[in-house]
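*Asks:* Sequence:
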Amino acid sequence: MAAWMWSDPPSLPSARRYGSRSPQELGIQVLGAFHVQIGSWLIPDSAWRVKTARLIELLALAPGHRLHREQVLERLWPGFASDSATNNLHRTLHATRHVLEPHLAPGCPSAYLHLHGDCLALTADGALWVDVEAFEAAGAIARDAQDRAAYRAAVELYTGDLLPENRYEYWVISRREELRGLYLALLLELAQLYEAHGEDGLASRTLERLVATEPTHEEAHLGLMRLYAFAGRRHEALRQYQRLRRALRHELGTEPAEATGRLHQDILDGRFPAKRVPTSRAVRAGSPMPNGSPVASPSSRHGPLTSRECEIAALLACGLTNRQIADTLVITGRTADTHLCNILRKLGMASRAQVAAWAVERGLVALRTHGANGPTPKDTYTYIPPGPSA
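According to my numbering, the sequence shown is numbered sequentially starting from 1.
Hints listed in this document are in silico derivations from the structure and should not be mistaken for laboratory results. Where is the CB? At the ideal position from N, CA and C, for every residue including glycine. Warning: the hint list may mix true and false statements.
[Unchecked claim] SDA-like mimics (lysine to any residue), calculated; alpha carbons at most 20 Å apart, straight line: (1) K51 / H68; (2) K346 / K51; (3) K51 / A137; (4) K51 / T123; (5) K51 / Q24; (6) K346 / S110; (7) K346 / E361; (8) K51 / Y168; (9) K51 / L73; (10) K51 / G126.
[Unchecked claim] Derived CB-CB ranges, DEER-like: (11) E236 / V50: 42 to 48 Å; (12) G253 / A350: 38 to 44 Å; (13) P102 / V50: 40 to 46 Å; (14) I173 / A274: 42 to 48 Å; (15) E169 / A212: 21 to 27 Å; (16) E361 / R246: 45 to 51 Å; (17) H90 / T159: 29 to 35 Å; (18) R345 / P215: 29 to 35 Å; (19) R246 / G319: 35 to 41 Å.
Hey, can you work out the whole structure from these sequences and the hints?
*Replies:* As structure tokens, this is what we get:
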């Protein structure tokens, strides 16, 4: 049985620290497998019966670790008569308390499981740690900070799908998909951060991890095709497209999106990559752009705009839609949407128009006039692409 660890996101303390914790602290793993640990004692799998384990799983995933008695009865004994289901619940409660506290004396209250009226609660005098909550909290921290180390800590907390042994339990399915979706999204965002900082090798490895988990994730395959092509690994880029095609046909009975097919054909014909738009340098407030204009971003706790985000802001000012931006930069529409959300957050703005005005003011676009006597309604802005990376 693989060991699992307590976590104080975004760092992961070693299992050797278990011995220093209070015996009252309760830790529950439900990602990848079900395990319960109290202080330094890992409860053996053989101690659990099906219903006692299900009861702890239910409460570990419940909001506030509390459920109404009827909710427990419905999920653990569906279709049972009320009296029969209630008797089963009391027997299971008794058995579960003694799994958690083998030496609990008759008549003594449990330190962990309480039934007050119709409310069943899981509590702990010390800390109550559930890996799902730690994972979601770490993901929120990473997204707020846009920090690669925080993202790495978050994805390492995802040790597998939620309760895989309960694959067909209806109350697990939607939550499992939600958590899996978060894990895949965090991997994709981490890869984008790596690429924005010029760490293409780490970006590729992160996307490879993503497609190993979800072979039909087209955006990850598309990212790998781009990165392989940029690295001169043309044959690998072409093979990646064929892997995606096989996965989509086998799993979903579909074909890759038009944009993905177009990128494949461009790589095949030698049209991609053309001169790469650099993404290796973050553009900080006051730093010069390649055309000499400063980018004086408003103060923000979310840090600088990356070169890619400046490109997208400039293309917005040129009047391009998200779809057109995606086609121009050879990214997916979802990635363009994500970048725009990050730009709005970092600049403290609420609309595309504000971002476009900001890009014009900072000299990221040039005005192309059509009239001899100054600006006219037909005038347009033209994107000024950055020069080569330093």
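*Asks:* Quick check on a hinted range of 40 to 46 Å for P102 and V50, using CB atoms only.
*Replies:* violated (19 Å)
*Asks:* Honestly, do E236 and V50 meet the 42 to 48 Å range at C-beta?
*Replies:* holds (46 Å)
*Asks:* Measure nothing beyond the straight line between the CA atoms of K51 and Q24; if it is 20 Å or shorter, mark the hint as holding.
*Replies:* violated (23 Å)
*Asks:* Checking one constraint from the list: CA of K51 to CA of L73, max 20 Å. Satisfied?
*Replies:* holds (11 Å)
*Asks:* Tell me if the straight-line CA distance from K346 to K51 falls inside 20 Å.
*Replies:* violated (48 Å)
*Asks:* Does the Cβ distance between E169 and A212 fall inside 21 to 27 Å?
*Replies:* Given a distance of about 26 Å, which is inside 21 to 27 Å, the answer is holds.
*Asks:* Please work out if K51 and H68 have their alpha carbons no farther apart than 20 Å.
*Replies:* Holds - the C-alpha atoms of H68 and K51 are around 17 Å apart, at most 20 Å.
*Asks:* Is it true that G253 and A350 lie within 38 to 44 Å of each other by Cβ?
*Replies:* Roughly 41 Å apart at Cβ, these two residues keep to the hinted range, so it holds.
*Asks:* Between K51 and Y168, is the straight-line Cα distance small enough, at 20 Å or below?
*Replies:* Holds, at about 15 Å.
*Asks:* Measure nothing beyond the straight line between the CA atoms of K51 and A137; if it is 20 Å or shorter, mark the hint as holding.
*Replies:* violated (29 Å)
*Asks:* CA of K51 to CA of G126, is that 20 Å or under?
*Replies:* violated (25 Å)
*Asks:* Could you check the hint for me, namely that H90 and T159 are 29 to 35 Å apart, CB to CB?
*Replies:* holds (33 Å)
Of the numbered hints stated above, those contradicted by the structure are hints 2, 3, 5, 6, 10 and 13, listed in ascending order.
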